[in-house]
Amino acid sequence: MKTILSRPVLTLTAALLLGALGALALTAAPASSTPPKTLENLQAAFNGESNAHARYLAFAQKADEEGYGQVASLFRAAARAEEIHAANHAEVIKKMGGAPTADIQKPEVKSTRENLEAAIRGESYERDTMYPDFLKVARQERNRDAIQTFNYAKTAEAEHARLYGNALQNLDSMKGAGKGTYYVCTICGYTTTKLDFAKCPSCFNPVDKYVQVD
Amino acid sequence: MIEFPPIPSWDGLHPLIIHFPVGLLLVAPVFIILSLVSKRSGRAYAMAALILMLLGTAAVFVAVSTGEAAGQLAERTPEINRVLTHHEELAETTRIVFSVLTAAFALILFGPKLLKRELGRVPSAVLTLIFLVLYMAGALVLSNTAHNGGTLVHGYGVHALVDTPAATGQAAAAPSAPSAFERD
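Residue numbers (the working numbering), protein chains in the order written: chain A, 1 to 214; chain B, 1 to 184.
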């Protein structure tokens, strides 16, 4: 045993191990440069989320004026979620060497019923078309950060569409019913009415990362 | 020519690491049974079982963490969300159960020595048998977690983002079909 583990053998083994590790590190080095299509998609998503944030805050104000306190709370919660999505997208854009820019349009505010219908259309488009397409490209380009932020947004938008749909269905009974309570995950923007889980169903962070929005 | 595989990212480690808890923790009770039936090497078999449990439980911790990272990148639909959340809950339970079981078995092995109160052969065997029954319950949770994960991959096509040779710049010998992860 002592002769097998003599100093030259140990030195040679160590050198071989180091060489193997070096080769492994070289082969594992990232090969491609910044994928431009995903960066472009991130910019579009950042612009969309920033506008949605402004639009939902305006919708919330209108809902309050019309006496739909619970719908106003839902719009405020969704606005908070969109703000989180925009911040997440911006972080990835910066990481890829870009500068996040948004062209904030003046929101077109109508009646709360019409605003809910417009919000459902917007969320459904993001859930069914925009984010699935962006995810497809990000997966092809194997951009993990982009996949994560698009995934967070897509999952939350699906929930927003569902919540807006419920609100529209029960709008008449919501008149004068006071404020509602919603919870928004500060990591991924997932929005819910009940915190009946230990970890966020979308990003798996602890439930204490949620904030209450009224 | 020897080719080295790319070093997986943390999320990409999930499909590799998940086999360790299954293999190690389901083999450990075999060694516990051997420790009961072998008069000469009982202690050695028990020690081997404990080492397997320690390694397996450590692998569960890594599997949960890498699984959460992989889940953040996985394709999400309401149905996938339901299965994924259940898988995550089962994995959490597995982690707790095997942490407790491993600590309990270490206590069975070293407790008497620490307390300087040797247990007789029969009480020790009875204690180990009770432990084995509890272990079977833990193994059931582990199997359910593994099965649930298998359902996600093979039933719903939810794959971790594993780097292919083409993606890492290595020459691909054979053309690769797009993985299910890339499907939308």
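No lab work stands behind these hints, which were simulated from the structure alone.
Since we're looking at a predicted model, the values are computed, not measured.
There could be a bad hint or two in this list.
Stated by the list, open to error - Cβ pair distances, simulated, as ranges:
hint, chain 1, residue 1, chain 2, residue 2, range
1, B, S41, A, K136, 55 to 65 Å
2, B, S143, A, V109, 33 to 43 Å
3, A, R121, B, V100, 26 to 36 Å
4, A, P36, B, V133, 27 to 37 Å
5, A, E91, B, K116, 19 to 29 Å
6, A, P36, B, N144, 37 to 47 Å
7, B, N144, A, N166, 40 to 50 Å
As the list claims (entries may be wrong) - DMTMM-like, lysine to aspartate or glutamate: derived pairs with alpha carbons at most 20 Å apart:
hint, chain 1, residue 1, chain 2, residue 2
8, A, K209, A, E83
9, A, K110, A, D172
10, A, K209, B, D163
11, A, K37, A, D172
12, A, K94, A, D172
13, A, K62, A, E108
14, A, K94, A, E141
15, A, K95, A, D145
16, A, K194, B, D163
17, A, K136, B, D163
18, A, K199, B, E92
19, A, K199, B, E79
20, A, K95, A, D172
21, A, K194, A, D214
22, A, K106, A, E141
23, A, K106, A, D172
24, A, K110, A, E141
25, A, K95, A, E114
26, A, K209, B, E92
27, A, K179, A, E40
28, A, K94, B, E79
29, A, K136, A, E40
30, A, K175, A, E83
31, A, K110, A, E65
32, A, K179, A, E108
33, A, K199, B, D163
34, A, K209, B, E79
Heads up, the beta-carbon is just placed ideally off N, CA and C, and yes, glycines get one too.
| message | For a quick check of understanding: which of the numbered hints are violated here, in increasing order? | response | Checked against the structure, the hints that fail are numbers 2, 3, 4, 5, 7, 10, 11, 12, 16, 20, 22, 23, 24, 25, 27, 28, 30, 32, 33, 34, while the rest are satisfied.
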